[in-house]
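K.L.:
What follows is the residue order along each chain.
2 protein chains.
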Amino acid sequence: MGFLNDPCLRRANLIFLYCCVLSSFIQSAVGVKSRHFKWDVEYMHWSPDGVEHIVMGINGQFPGPTIRARAGDTIHVELTNKLHTEGVVIHWHGIRQFGTPWADGTASISQCAINPGETFVSRFKVDKAGTYFYHGHYGMQRSAGLYGSLIVEVAEGEKEPFQYDGEFNLLLSDWWHKSAHEQEVDLSSQPIRWVGEPQTLLINGRGQYNCSLAARFSNSSVSLCKLRGNEQFAPQILHVHPNKTYRLRIASSTSLASLNLAIGNHKMVVVEADGNYVQPLTVDNLDIYSGESYSVLFTTDQEPSKNYWISVSVRGREPRTPQGLTILNYYPTTVSRLPPSPPPVAPRWDDYHYSRAFSNKILALEGSPKPPAKHDRRIILLNTQNLIDGYTKWAINNISLVLPSTPYLGSIRYNISKAFDRNIPPDHFGHDYDIMNPAPNNNSMYGSGVYMLNFNTTVDVILQNANMLKPNNSDIHPWHLHGHDFWVLGHGEGKFTEKDEEKFNLKNPPLRNTAVVFPYGWTALRFVADNPGAWAFHCHIEPHLHMGMGVVFAEGVEQVKKIPNQALACGLTKKMFMMKDEHN
Amino acid sequence: MGFLNDPCLRRANLIFLYCCVLSSFIQSAVGVKSRHFKWDVEYMHWSPDGVEHIVMGINGQFPGPTIRARAGDTIHVELTNKLHTEGVVIHWHGIRQFGTPWADGTASISQCAINPGETFVSRFKVDKAGTYFYHGHYGMQRSAGLYGSLIVEVAEGEKEPFQYDGEFNLLLSDWWHKSAHEQEVDLSSQPIRWVGEPQTLLINGRGQYNCSLAARFSNSSVSLCKLRGNEQFAPQILHVHPNKTYRLRIASSTSLASLNLAIGNHKMVVVEADGNYVQPLTVDNLDIYSGESYSVLFTTDQEPSKNYWISVSVRGREPRTPQGLTILNYYPTTVSRLPPSPPPVAPRWDDYHYSRAFSNKILALEGSPKPPAKHDRRIILLNTQNLIDGYTKWAINNISLVLPSTPYLGSIRYNISKAFDRNIPPDHFGHDYDIMNPAPNNNSMYGSGVYMLNFNTTVDVILQNANMLKPNNSDIHPWHLHGHDFWVLGHGEGKFTEKDEEKFNLKNPPLRNTAVVFPYGWTALRFVADNPGAWAFHCHIEPHLHMGMGVVFAEGVEQVKKIPNQALACGLTKKMFMMKDEHN
Numbered sequence: 001m002g003f004l005n006d007p008c009l010r011r012a013n014l015i016f017l018y019c020c021v022l023s024s025f026i027q028s029a030v031g032v033k034s035r036h037f038k039w040d041v042e043y044m045h046w047s048p049d050g051v052e053h054i055v056m057g058i059n060g061q062f063p064g065p066t067i068r069a070r071a072g073d074t075i076h077v078e079l080t081n082k083l084h085t086e087g088v089v090i091h092w093h094g095i096r097q098f099g100t101p102w103a104d105g106t107a108s109i110s111q112c113a114i115n116p117g118e119t120f121v122s123r124f125k126v127d128k129a130g131t132y133f134y135h136g137h138y139g140m141q142r143s144a145g146l147y148g149s150l151i152v153e154v155a156e157g158e159k160e161p162f163q164y165d166g167e168f169n170l171l172l173s174d175w176w177h178k179s180a181h182e183q184e185v186d187l188s189s190q191p192i193r194w195v196g197e198p199q200t201l202l203i204n205g206r207g208q209y210n211c212s213l214a215a216r217f218s219n220s221s222v223s224l225c226k227l228r229g230n231e232q233f234a235p236q237i238l239h240v241h242p243n244k245t246y247r248l249r250i251a252s253s254t255s256l257a258s259l260n261l262a263i264g265n266h267k268m269v270v271v272e273a274d275g276n277y278v279q280p281l282t283v284d285n286l287d288i289y290s291g292e293s294y295s296v297l298f299t300t301d302q303e304p305s306k307n308y309w310i311s312v313s314v315r316g317r318e319p320r321t322p323q324g325l326t327i328l329n330y331y332p333t334t335v336s337r338l339p340p341s342p343p344p345v346a347p348r349w350d351d352y353h354y355s356r357a358f359s360n361k362i363l364a365l366e367g368s369p370k371p372p373a374k375h376d377r378r379i380i381l382l383n384t385q386n387l388i389d390g391y392t393k394w395a396i397n398n399i400s401l402v403l404p405s406t407p408y409l410g411s412i413r414y415n416i417s418k419a420f421d422r423n424i425p426p427d428h429f430g431h432d433y434d435i436m437n438p439a440p441n442n443n444s445m446y447g448s449g450v451y452m453l454n455f456n457t458t459v460d461v462i463l464q465n466a467n468m469l470k471p472n473n474s475d476i477h478p479w480h481l482h483g484h485d486f487w488v489l490g491h492g493e494g495k496f497t498e499k500d501e502e503k504f505n506l507k508n509p510p511l512r513n514t515a516v517v518f519p520y521g522w523t524a525l526r527f528v529a530d531n532p533g534a535w536a537f538h539c540h541i542e543p544h545l546h547m548g549m550g551v552v553f554a555e556g557v558e559q560v561k562k563i564p565n566q567a568l569a570c571g572l573t574k575k576m577f578m579m580k581d582e583h584n
Numbered sequence: 001m002g003f004l005n006d007p008c009l010r011r012a013n014l015i016f017l018y019c020c021v022l023s024s025f026i027q028s029a030v031g032v033k034s035r036h037f038k039w040d041v042e043y044m045h046w047s048p049d050g051v052e053h054i055v056m057g058i059n060g061q062f063p064g065p066t067i068r069a070r071a072g073d074t075i076h077v078e079l080t081n082k083l084h085t086e087g088v089v090i091h092w093h094g095i096r097q098f099g100t101p102w103a104d105g106t107a108s109i110s111q112c113a114i115n116p117g118e119t120f121v122s123r124f125k126v127d128k129a130g131t132y133f134y135h136g137h138y139g140m141q142r143s144a145g146l147y148g149s150l151i152v153e154v155a156e157g158e159k160e161p162f163q164y165d166g167e168f169n170l171l172l173s174d175w176w177h178k179s180a181h182e183q184e185v186d187l188s189s190q191p192i193r194w195v196g197e198p199q200t201l202l203i204n205g206r207g208q209y210n211c212s213l214a215a216r217f218s219n220s221s222v223s224l225c226k227l228r229g230n231e232q233f234a235p236q237i238l239h240v241h242p243n244k245t246y247r248l249r250i251a252s253s254t255s256l257a258s259l260n261l262a263i264g265n266h267k268m269v270v271v272e273a274d275g276n277y278v279q280p281l282t283v284d285n286l287d288i289y290s291g292e293s294y295s296v297l298f299t300t301d302q303e304p305s306k307n308y309w310i311s312v313s314v315r316g317r318e319p320r321t322p323q324g325l326t327i328l329n330y331y332p333t334t335v336s337r338l339p340p341s342p343p344p345v346a347p348r349w350d351d352y353h354y355s356r357a358f359s360n361k362i363l364a365l366e367g368s369p370k371p372p373a374k375h376d377r378r379i380i381l382l383n384t385q386n387l388i389d390g391y392t393k394w395a396i397n398n399i400s401l402v403l404p405s406t407p408y409l410g411s412i413r414y415n416i417s418k419a420f421d422r423n424i425p426p427d428h429f430g431h432d433y434d435i436m437n438p439a440p441n442n443n444s445m446y447g448s449g450v451y452m453l454n455f456n457t458t459v460d461v462i463l464q465n466a467n468m469l470k471p472n473n474s475d476i477h478p479w480h481l482h483g484h485d486f487w488v489l490g491h492g493e494g495k496f497t498e499k500d501e502e503k504f505n506l507k508n509p510p511l512r513n514t515a516v517v518f519p520y521g522w523t524a525l526r527f528v529a530d531n532p533g534a535w536a537f538h539c540h541i542e543p544h545l546h547m548g549m550g551v552v553f554a555e556g557v558e559q560v561k562k563i564p565n566q567a568l569a570c571g572l573t574k575k576m577f578m579m580k581d582e583h584n
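Chain order of the listed sequences is A and B. Taking full-length UniProt numbering as reference, the numbering of the first sequence is continuous, increasing by one, and the terminal residue is 584. Taking full-length UniProt numbering as reference, the numbering of the second sequence is continuous, increasing by one, and the terminal residue is 584.
Source of the hints: derived by calculation from the structure; they are not laboratory data. Heads up, a few of these hints could be off.
Repeated chains share a single entry, so a pair holds when one copy, or any two copies, can fit it.
[Said to hold, decoys possible] Below, a list of computed lysine-lysine pairs in the BS3-like style, where the Cα atoms sit at most 25 Å apart:
1. Lys-267 x Lys-178
2. Lys-561 x Lys-374
3. Lys-370 x Lys-507
4. Lys-361 x Lys-499
5. Lys-82 x Lys-418
6. Lys-507 x Lys-128
7. Lys-159 x Lys-370
8. Lys-562 x Lys-128
9. Lys-575 x Lys-562
10. Lys-507 x Lys-244
11. Lys-33 x Lys-128
12. Lys-575 x Lys-38
13. Lys-38 x Lys-418
14. Lys-575 x Lys-561
15. Lys-82 x Lys-178
16. Lys-159 x Lys-125
17. Lys-178 x Lys-226
18. Lys-128 x Lys-38
On a predicted model such as this, the values are computed, not experimentally measured, just so you know.
From just these sequences and the hints, can you work out the full model?
P.N.:
Spelled out as structure tokens, the structure:
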């Protein structure tokens with residue numbers, strides 16, 4: 001007897017159908033949704049790579065829960081700090097926070113850290129479809145594991161400029177066996193103790209230490225990793241059907257590592273970068289730096305009786321961390337059939353020619369917003385490694401950022417003196433600075449000054465790389481801007497000169513929120529200071545930021561309204577609120 | 001040519017002398033001093049026992065600097081939190097804080113934790129000479145190494161009721177190689193991961209792991225520890241002259257361990273306990289529980305060509321931690337001459353008869369304040385180990401303390417509803433409770449209620465021990481009361497009954513701030529609720545407090561004046577301060 005022959009069930013089904021129609025009608029009438037999340041942040045025992053450690057998780061998950069929304073939705077995250085003695089705050093990486101600069105989630109800049117036992121509601125609009133993520137932005141809590149994905153789909157009825165049959169999401173990170181607490185102390189020591197290379201690369205929080213899925217192709221006696229099981233570190237398999245097109249969303253929340261991702265035997269077509277559409281670019285592999293995100297399309301046009309590697313490799317630093325691996329599993333091939341050939345080999349770690357070429361090929365999709373033709377102000381930021389009182393620091397134009405205990409947003413908004421350095425940090429560095437050698441005088445100073453930008457002006461930022469303390473060394477730095485996307489006008493080698501301006505791409509530069517500056521090179525960015533607030537602009541390498549590698553921009557703060565008091569209940573803004581009541 | 005023949009120098013000397021006389025005149029005229037301290041709390045690399053770890057230190061020292069003051073002085077500690085993401089707060093253990101309940105330094109009770117980057121000034125009077133210490137009182141920061149000594153000498157012109165020629169100070173603690181952060185997570189896990197026994201016992205922050213100063217007397221192949229050097233873990237030697245009398249101040253800041261201290265071949269005369277004089281008691285060794293302090297006198301009447309052991313041993317738990325050892329060095333014997341016989345052997349760890357006998361022999365010095373003859377209220381506190389939703393907790397009368405995010409002092413003072421449980425916790429437990437066996441129903445609940453005490457009334461507290469979750473197990477618990485000393489009226493075995501009252505010592509019970517309750521036994525305390533404020537009363541074993549083993553007393557809070565707003569700038573009191581300004 002058929003299921004739907006039962007008259008009660010039939011009626012129930014009709015009611016259900018009616019409700020669905022009604023509900024989707026209401027939804028499409030309203031157009032957008034409020035999406036509410038209740039999160040508890042706490043430490044938990046976890047084995048990201050088979051070795052158990054203390055990991056910062058959300059609602060018992062690592063990485064934290066994925067947020068999925070549609071463009072135009074409002075996200076409400078009610079975050080309760082369940083840590084025992086630590087504050088916490090979460091940054092929504094890539095979300096511009098128009099009108100809600102207090103919800104950017106950066107301690108000391110947009111808000112106070114949330115105290116243990118307290119709850120803070122971040123409320124913000126996700127105005128633009130794209131692949132984003134979120135992460136801790138206090139101390140080195142990102143390195144402690146506080147991150148997760150934030151996926152914004154196009155608004156109801158809208159279409160992406162490309163098509164696909166299915167979708168996967170990969171959040172990449174790197175993992176150390178030393179706690180983030182200890183890393184912080186190590187980095188702040190004199191002499192510095194550098195964090196070194198990560199033990200493991202993680203794909204969606206999963207990696208395997210001291211073994212390899214590709215053991216059979218290794219010359220060493222490395223053992224074979226576990227492929228399946230309920231283990232927290234078992235790789236997440238990507239199950240596909242033949243002859244389909246899939247979208248792969250990729251974001252990098254690494255603490256340090258620059259990565260290269262490849263799918264064995266499959267080409268990828270890059271279609272999105274940092275929440276902006278780009279000209280379709282077909283590649284064999286993809287460079288991705290900390291703070292960046294991409295969408296690529298790939299077609300399952302290979303022999304379906306095999307499985308294929310998905311590999312993540314270190315670039316930009318001499319790799320001492322094994323590849324992160326998982327499996328692209330073709331239906332109906334069994335998962336356990338490992339690919340018959342070795343995993344893809346990434347371009348050599350120090351082939352910066354390759355890296356630059358890749359970056360330069362990321363261009364805006366036709367019809368994307370174009371940059372203003374001229375800039376109103378140009379800020380040239382030289383990054384150098386320095387010693388301050390014997391402590392190893394990073395400095396920008398000779399100033400190493402020390403975050404104040406009062407959030408800039410509040411101290412600027414309420415004009416609180418002494419909350420931060422009123423010395424204006426310099427717009428450029430000495431013309432004679434030799435970027436190819438260690439600084440002749442490598443002393444610099446601590447500072448907390450702000451680049452005050454005139455509202456709605458066009459700002460160029462030239463990131464200028466240089467030699468570190470050690471001769472013949474220059475690091476890669478992926479710089480991330482809060483509150484804005486910028487156009488990447490170009491990358492160049494050596495010291496930037498006014499003549500380099502001629503090489504700027506003003507035709508179809510990509511809009512991004514993160515851009516890398518290569519060793520001994522420069523990177524030119526342009527953005528419009530159109531978002532009232534105080535915004536971090538910093539190297540997204542967590543230890544580099546910890547060592548002072550960042551600046552603060554602020555614009556139109558006087559227009560900012562309705563900052564929740566709770567966001568400012570620390571430092572001098574707290575004092576300000578309380579002085580009014582100091583008569584109890 | 002003699003030094004003082006120079007007329008200029010002579011004049012300078014006279015002026016100097018005159019200044020000294022003047023200065024001491026001013027001082028004695030004023031009588032008391034303000035003593036100012038500027039402290040930075042930060043993590044640092046340190047080797048308390050030869051194994052390097054991250055330790056919480058003050059001004060680069062571990063243990064923190066010793067405070068020395070005279071009775072009547074006012075201490076000002078300007079504490080800056082230099083931790084990266086953690087709050088911090090310091091409790092002045094044994095100082096009653098008359099008139100300054102907001103300076104007691106207990107997170108969630110007397111004040112908010114001090115945020116990173118912020119400074120808080122604790123200002124309080126040390127009204128009574130004695131041996132005290134200070135320590136972190138937030139999360140398990142005491143276990144992380146945040147402690148130091150606080151010595152209050154008698155006021156200028158006053159005399160101790162005993163004499164001595166020299167003085168030493170020993171702060172005892174226990175040390176784990178697992179970080180306090182990880183211990184917190186372990187204890188909060190389901191199933192619980194117990195912290196286990198400490199790796200090392202520390203004397204003034206110094207111990208040695210995996211070696212022994214008494215190696216030659218050991219049957220095992222343990223190696224000989226280093227005796228001298230600049231190492232952070234080299235034992236602090238006590239240098240004495242023959243035929244003198246020394247005062248040895250001893251305080252225990254252990255996280256877990258109950259200790260026994262002895263000086264080889266030397267008797268000790270106990271003269272002070274927890275900042276109160278006691279009847280001189282001659283002993284061969286001394287039991288000391290976490291939270292307690294003693295002064296003992298010893299005379300250097302032994303063969304001066306030898307050195308002697310000072311030993312610290314675990315009691316009350318089956319010892320898995322080697323003795324802590326240092327040397328009593330007789331002048332002019334060389335330090336490196338180790339004592340020729342083995343270190344003192346402590347009484348058997350589970351000889352509770354011995355422990356009880358020792359505790360019962362500590363009696364108030366004649367002339368000490370006597371307890372009121374009658375009590376106004378009697379609170380019987382049964383401690384049980386329980387499961388709550390599968391989590392292992394300690395509970396008092398079936399309630400496991402969870403500290404709220406708003407300090408009680410503020411929420412009671414300003415009558416803020418919902419800051420804590422308004423359910424009044426019970427004054428006693430069920431009459432039929434069988435303390436000799438695990439609870440038939442071992443479920444209990446979380447709570448944050450307060451015992452509201454009528455001001456200036458006399459309160460009896462009966463601590464009632466019981467069996468833990470595991471059959472045939474009952475732990476030792478040293479209970480510490482903030483804001484008061486109490487009289488220890490007696491210790492008994494089994495379940496307390498009204499008839500036991502006849503055995504109370506009302507004649508010369510010692511005044512203390514910490515008292516132990518022995519396995520399966522009871523301990524009777526009496527105090528006068530004469531100190532307006534909110535006060536913790538809790539087991540001083542750090543993991544036990546973390547697991548909920550404490551209660552909160554409050555009295556006369558309506559009389560409390562001038563709480564610095566900064567002390568209340570968290571939780572709902574923060575909200576209260578800020579709501580007045582929620583219109584920006």
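K.L.:
The structure should be examined with respect to each hint, and the outcome stated for every one.
P.N.:
Hint check:
no., hint, result
1, Lys-267 x Lys-178, "neither (37 Å within a copy, 47 Å between copies)"
2, Lys-561 x Lys-374, "neither (30 Å within a copy, 62 Å between copies)"
3, Lys-370 x Lys-507, "within (7 Å within a copy, 90 Å between copies)"
4, Lys-361 x Lys-499, "within (22 Å within a copy, 90 Å between copies)"
5, Lys-82 x Lys-418, "between (32 Å within a copy, 18 Å between copies)"
6, Lys-507 x Lys-128, "within (22 Å within a copy, 79 Å between copies)"
7, Lys-159 x Lys-370, "within (21 Å within a copy, 85 Å between copies)"
8, Lys-562 x Lys-128, "within (23 Å within a copy, 51 Å between copies)"
9, Lys-575 x Lys-562, "both (19 Å within a copy, 16 Å between copies)"
10, Lys-507 x Lys-244, "neither (34 Å within a copy, 91 Å between copies)"
11, Lys-33 x Lys-128, "within (14 Å within a copy, 64 Å between copies)"
12, Lys-575 x Lys-38, "between (30 Å within a copy, 21 Å between copies)"
13, Lys-38 x Lys-418, "between (36 Å within a copy, 20 Å between copies)"
14, Lys-575 x Lys-561, "both (20 Å within a copy, 19 Å between copies)"
15, Lys-82 x Lys-178, "both (22 Å within a copy, 21 Å between copies)"
16, Lys-159 x Lys-125, "within (19 Å within a copy, 71 Å between copies)"
17, Lys-178 x Lys-226, "within (23 Å within a copy, 29 Å between copies)"
18, Lys-128 x Lys-38, "within (23 Å within a copy, 50 Å between copies)"
The earlier numbered hints that this structure contradicts are 1, 2, 10.
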